[in-house]
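Enquirer: Protein chains in written order, with the working numbering: chain A, 52 to 234; chain B, 52 to 234; chain C, 18 to 307.
Calculated from the structure, these hints are not laboratory results. Ideal Cβ positions, reconstructed from N, Cα and C, are used throughout, including at glycine. Errors might be hidden in some of the hints.
[Unchecked claim] Result set (SDA-like, lysine to any residue): computed pairs, CA atoms no more than 20 Å apart in a straight line: (1) A:Lys127 <-> C:Asp155; (2) B:Lys172 <-> B:Leu193; (3) B:Lys127 <-> C:Pro173; (4) B:Lys172 <-> B:Arg114; (5) C:Lys141 <-> A:Glu87; (6) A:Lys195 <-> B:Gln139; (7) B:Lys127 <-> C:Leu176; (8) C:Lys141 <-> A:Lys127; (9) B:Lys172 <-> B:Ala191; (10) B:Lys195 <-> B:Asn166; (11) B:Lys127 <-> A:Glu87; (12) C:Lys227 <-> C:Glu282; (13) B:Lys172 <-> C:Gly178; (14) C:Lys156 <-> A:Lys195; (15) A:Lys127 <-> B:Ser73; (16) A:Lys127 <-> B:Gln139.
[Stated by the list, open to error] Short, incomplete list of chain C residues facing chain A, as computed with Cβ under 7 Å: (17) Lys141; (18) Thr146; (19) Ile151; (20) Lys156; (21) Val161; (22) Gly178; (23) Phe231.
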Amino acid sequence: MSNVEIERSIEAILMVVDEPVSELTLAQVLEKTVEEVEMALARLETSYEDRGFCLRKVNGGWRFYSSPEFSSAVEKFVLDGQQSRLTQAALETLSVIAYRQPVSRARVSAIRGVNVEAVMKTLVTRGLVEESGLEHETGAILYKTTSYFLERLGLNSLEDLPALAPYLPDLDGLDEILDSLTD
Amino acid sequence: MSNVEIERSIEAILMVVDEPVSELTLAQVLEKTVEEVEMALARLETSYEDRGFCLRKVNGGWRFYSSPEFSSAVEKFVLDGQQSRLTQAALETLSVIAYRQPVSRARVSAIRGVNVEAVMKTLVTRGLVEESGLEHETGAILYKTTSYFLERLGLNSLEDLPALAPYLPDLDGLDEILDSLTD
Amino acid sequence: MDLSVEESTDVNAATGGFSVHLDNFDGPFDLLLQLISRHKMDITEISLSLVTDEFIAFIRSLEASGEGWRLDQATEFLVVAATLLDLKAARLLPSGEIEDEEDLALLEARDILFARLLQYRAFKEIAATFNERITLADKYFPRVVALDPTLSALLPEVLIGVGPQRFAAIAERVLTPKVAPHVSVEHLHRPLVSVAEESRLVVEALRRSKSMSFRNLVSDAENTMVIVARFLALLDLYRQGVLRFDQVMALGELQISWTGSETGEVEVTDEFDIPVFLENDEANEGSVNE
Numbered sequence: 052m053s054n055v056e057i058e059r060s061i062e063a064i065l066m067v068v069d070e071p072v073s074e075l076t077l078a079q080v081l082e083k084t085v086e087e088v089e090m091a092l093a094r095l096e097t098s099y100e101d102r103g104f105c106l107r108k109v110n111g112g113w114r115f116y117s118s119p120e121f122s123s124a125v126e127k128f129v130l131d132g133q134q135s136r137l138t139q140a141a142l143e144t145l146s147v148i149a150y151r152q153p154v155s156r157a158r159v160s161a162i163r164g165v166n167v168e169a170v171m172k173t174l175v176t177r178g179l180v181e182e183s184g185l186e187h188e189t190g191a192i193l194y195k196t197t198s199y200f201l202e203r204l205g206l207n208s209l210e211d212l213p214a215l216a217p218y219l220p221d222l223d224g225l226d227e228i229l230d231s232l233t234d
Numbered sequence: 052m053s054n055v056e057i058e059r060s061i062e063a064i065l066m067v068v069d070e071p072v073s074e075l076t077l078a079q080v081l082e083k084t085v086e087e088v089e090m091a092l093a094r095l096e097t098s099y100e101d102r103g104f105c106l107r108k109v110n111g112g113w114r115f116y117s118s119p120e121f122s123s124a125v126e127k128f129v130l131d132g133q134q135s136r137l138t139q140a141a142l143e144t145l146s147v148i149a150y151r152q153p154v155s156r157a158r159v160s161a162i163r164g165v166n167v168e169a170v171m172k173t174l175v176t177r178g179l180v181e182e183s184g185l186e187h188e189t190g191a192i193l194y195k196t197t198s199y200f201l202e203r204l205g206l207n208s209l210e211d212l213p214a215l216a217p218y219l220p221d222l223d224g225l226d227e228i229l230d231s232l233t234d
Numbered sequence: 018m019d020l021s022v023e024e025s026t027d028v029n030a031a032t033g034g035f036s037v038h039l040d041n042f043d044g045p046f047d048l049l050l051q052l053i054s055r056h057k058m059d060i061t062e063i064s065l066s067l068v069t070d071e072f073i074a075f076i077r078s079l080e081a082s083g084e085g086w087r088l089d090q091a092t093e094f095l096v097v098a099a100t101l102l103d104l105k106a107a108r109l110l111p112s113g114e115i116e117d118e119e120d121l122a123l124l125e126a127r128d129i130l131f132a133r134l135l136q137y138r139a140f141k142e143i144a145a146t147f148n149e150r151i152t153l154a155d156k157y158f159p160r161v162v163a164l165d166p167t168l169s170a171l172l173p174e175v176l177i178g179v180g181p182q183r184f185a186a187i188a189e190r191v192l193t194p195k196v197a198p199h200v201s202v203e204h205l206h207r208p209l210v211s212v213a214e215e216s217r218l219v220v221e222a223l224r225r226s227k228s229m230s231f232r233n234l235v236s237d238a239e240n241t242m243v244i245v246a247r248f249l250a251l252l253d254l255y256r257q258g259v260l261r262f263d264q265v266m267a268l269g270e271l272q273i274s275w276t277g278s279e280t281g282e283v284e285v286t287d288e289f290d291i292p293v294f295l296e297n298d299e300a301n302e303g304s305v306n307e
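Given only the sequences and the hints, what does the whole structure look like? Please build it.
Expert: Now the structure itself:
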């Protein structure tokens with residue numbers, strides 16, 4: 052099977068799937084290595100650059116999406132899925148959880164300087180955040196982000212979160228000082 | 052809107068729309084003449100000649116399909132064990148439908164806190180769920196489980212579904228709770 | 018919370034006072050950041066005294082606004098205000114070498130406040146990028162199509178993978194409203210009993226009966242709080258000289274006799290009804306405005 056055939060087969064498969072497909076699944080079906088599939092996907096991705104659709108990897112799987120530039124045309128067909136917006140407080144709380152997970156409510160509260168109970172409830176109800184066991188010493192409930200959070204942000208994994216470093220000046224030991232303060 | 056823009060908009064729409072779309076509908080949405088849309092579709096058709104998918108007119112509407120040359124890869128993917136087992140998301144959605152039927156997709160979405168469109172389609176495709184008339188007030192399509200569902204779960208009738216804890220709020224109560232949380 | 022505050026102070030007399038306009042602030046860090054960025058200042062000691070003045074003016078105006086402020090917010094504001102005030106005081110003193118422990122502590126307090134502020138600012142900026150990402154992600158629509166009938170006919174038998182009991186357990190979990198766990202604090206929020214109100218009831222009862230045992234006086238009390246309130250009311254009335262206590266033996270029946278006027282207002286104290294707040298995070302649960 053030539054490179055072009057791998058690409059065409061992947062296109063044919065992705066055209067019928069209703070959920071994202073991983074490189075591994077594609078590799079198994081096509082009897083190719085994961086590397087070969089990854090390279091084919093990368094070439095396909097580039098080849099759609101000037102099209103009205105694109106190929107994206109979100110939350111560990113690949114599928115076709117319409118290009119954002121033409122979202123207004125698509126919206127006339129897809130009425131569903133209009134998500135209500137998150138408040139500034141919810142966004143800030145979500146970002147603290149995303150970078151400090153698993154994290155207790157008290158810690159999020161300390162970082163934001165306000166009580167976050169109501170906001171945490173909203174985030175849990177919206178499926179963006181979920182419980183993740185108990186903190187060893189205090190017995191406080193810990194929270195983490197969900198895979199739905201990745202989908203909503205269009206991220207493939209938590210590693211794709213923008214680095215916090217440029218936003219948070221790298222003062223020596225700042226994190227440790229803050230940890231001791233907010234614990 | 053240039054010719055290229057018409058083409059890209061059509062690609063974006065057809066990539067995410069499940070039902071075939073007629074030239075007339077496309078022309079109305081894009082505020083173009085039917086002739087312009089027809090010409091754009093013809094150009095697109097040609098541009099996919101070497102791809103793993105193609106554009107075809109079926110039942111008076113246009114839709115993307117996998118190319119027949121790569122049907123063996125698609126069939127292999129579909130037949131692969133990956134597809135026979137229900138995902139966690141599908142199981143959860145199925146359980147809501149089983150216990151709250153007949154129920155609209157919007158309601159299932161509200162309960163699960165995520166868009167369930169894709170999963171509902173899978174469940175219908177797999178013959179576990181089917182349409183069951185329209186909701187009186189909203190006109191939304193209602194869904195119920197099929198006899199195949201009972202068979203696969205090893206039950207004689209819906210009455211054999213294990214009872215849920217009596218304290219669970221019914222749908223109306225639940226909606227209020229969800230509303231109050233997301234306000 | 019939308020607040021627009023106009024405040025004139027003599028601190029900044031040279032510029033004829035100043036006004037503070039802030040929208041949607043969310044806690045003290047948020048306010049501090051707004052103040053600092055509005056003056057386009059670095060977080061330096063020079064800007065500190067000006068920012069401190071504004072911060073304090075803001076707190077005063079909150080107090081004066083009449084709508085009051087929430088305890089959890091108030092304590093946070095006070096901690097930040099106290100730290101700022103300390104630092105401002107240090108600025109006003111003649112500068113010199115760091116001489117004693119107190120100076121060191123002050124510098125440390127400043128560093129900690131700035132560190133927390135920087136951390137908050139980092140997450141605030143990240144939140145903005147989250148918002149952009151979500152807005153962008155909302156513009157990508159995924160291809161979600163049903164399998165072609167010719168293909169779905171090929172599908173192997175679907176495997177539900179769980180038995181009826183497990184299936185029911187999944188339904189139960191999904192159908193249970195997702196509410197974050199909540200520690201009940203109702204026991205901390207006994208309905209307030211007003212001593213002043215109980216005092217009026219006591220006066221009324223005693224005027225009617227002239228003499229009553231304490232036991233009778235509290236026989237209709239719903240809970241201990243009411244009994245305590247009525248006892249406090251009695252002590253206050255005794256202080257005013259309108260009743261007499263008789264107790265024949267220690268721990269025996271306490272008899273109360275009315276010696277005051279038949280009618281007219283009896284002064285009622287409110288010293289017991291001034292709210293006392295617990296400095297306890299859990300006691301303020303759910304009282305946040307977000």
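Enquirer: For B:Lys172 and B:Ala191, compute the direct alpha-carbon distance and say whether it is at most 20 Å.
Expert: With Cα atoms ~15 Å apart, B:Lys172 and B:Ala191 stay inside 20 Å; holds.
Enquirer: Hint validation: C:Lys156 versus chain A, beta carbon distance must be below 7 Å. Holds or violated?
Expert: OK, holds: C:Lys156 within 7 Å of chain A, min 4 Å.
Enquirer: Would you mind confirming whether the straight-line C-alpha gap from B:Lys172 to C:Gly178 stays at or under 20 Å?
Expert: holds (19 Å)
Enquirer: Is the hinted pair B:Lys172 and B:Leu193 satisfied, with a Cα-Cα distance of at most 20 Å?
Expert: holds (13 Å)
Enquirer: Would you settle whether the hint for C:Ile151 is holds or violated, based on the nearest Cβ-Cβ distance to chain A being less than 7 Å?
Expert: With a closest approach of 6 Å, the C:Ile151 hint holds.
Enquirer: Take the C-alpha atoms of A:Lys195 and B:Gln139, compute the straight-line distance between them, and say whether it is at most 20 Å.
Expert: Holds - the C-alpha atoms of B:Gln139 and A:Lys195 are around 19 Å apart, at most 20 Å.
Enquirer: Double-check C:Phe231 for me: the hint is only fine if its C-beta lies closer than 7 Å to a C-beta in chain A.
Expert: violated (43 Å)
Enquirer: When the nearest CB of chain A is found for C:Thr146, is that gap smaller than 7 Å?
Expert: holds (6 Å)
Enquirer: With a cut-off of 20 Å on the C-alpha distance, tell me whether A:Lys127 and B:Ser73 pass.
Expert: At roughly 14 Å apart (the allowed maximum being 20 Å), B:Ser73 and A:Lys127 satisfy the hint.
Enquirer: Would you mind confirming whether the straight-line C-alpha gap from B:Lys127 to A:Glu87 stays at or under 20 Å?
Expert: OK: B:Lys127 and A:Glu87 at ~18 Å, within 20 Å.
Enquirer: Does B:Gln139 sit within 20 Å of A:Lys127, going by the straight-line distance between their CA atoms?
Expert: violated (31 Å)
Enquirer: Given C:Gly178 was flagged as interface, is its beta-carbon under 7 Å from a beta-carbon of chain A?
Expert: violated (16 Å)
Violated hints, listed in ascending order, are 5, 8, 14, 16, 22, 23; each of the other numbered hints is respected by the structure.
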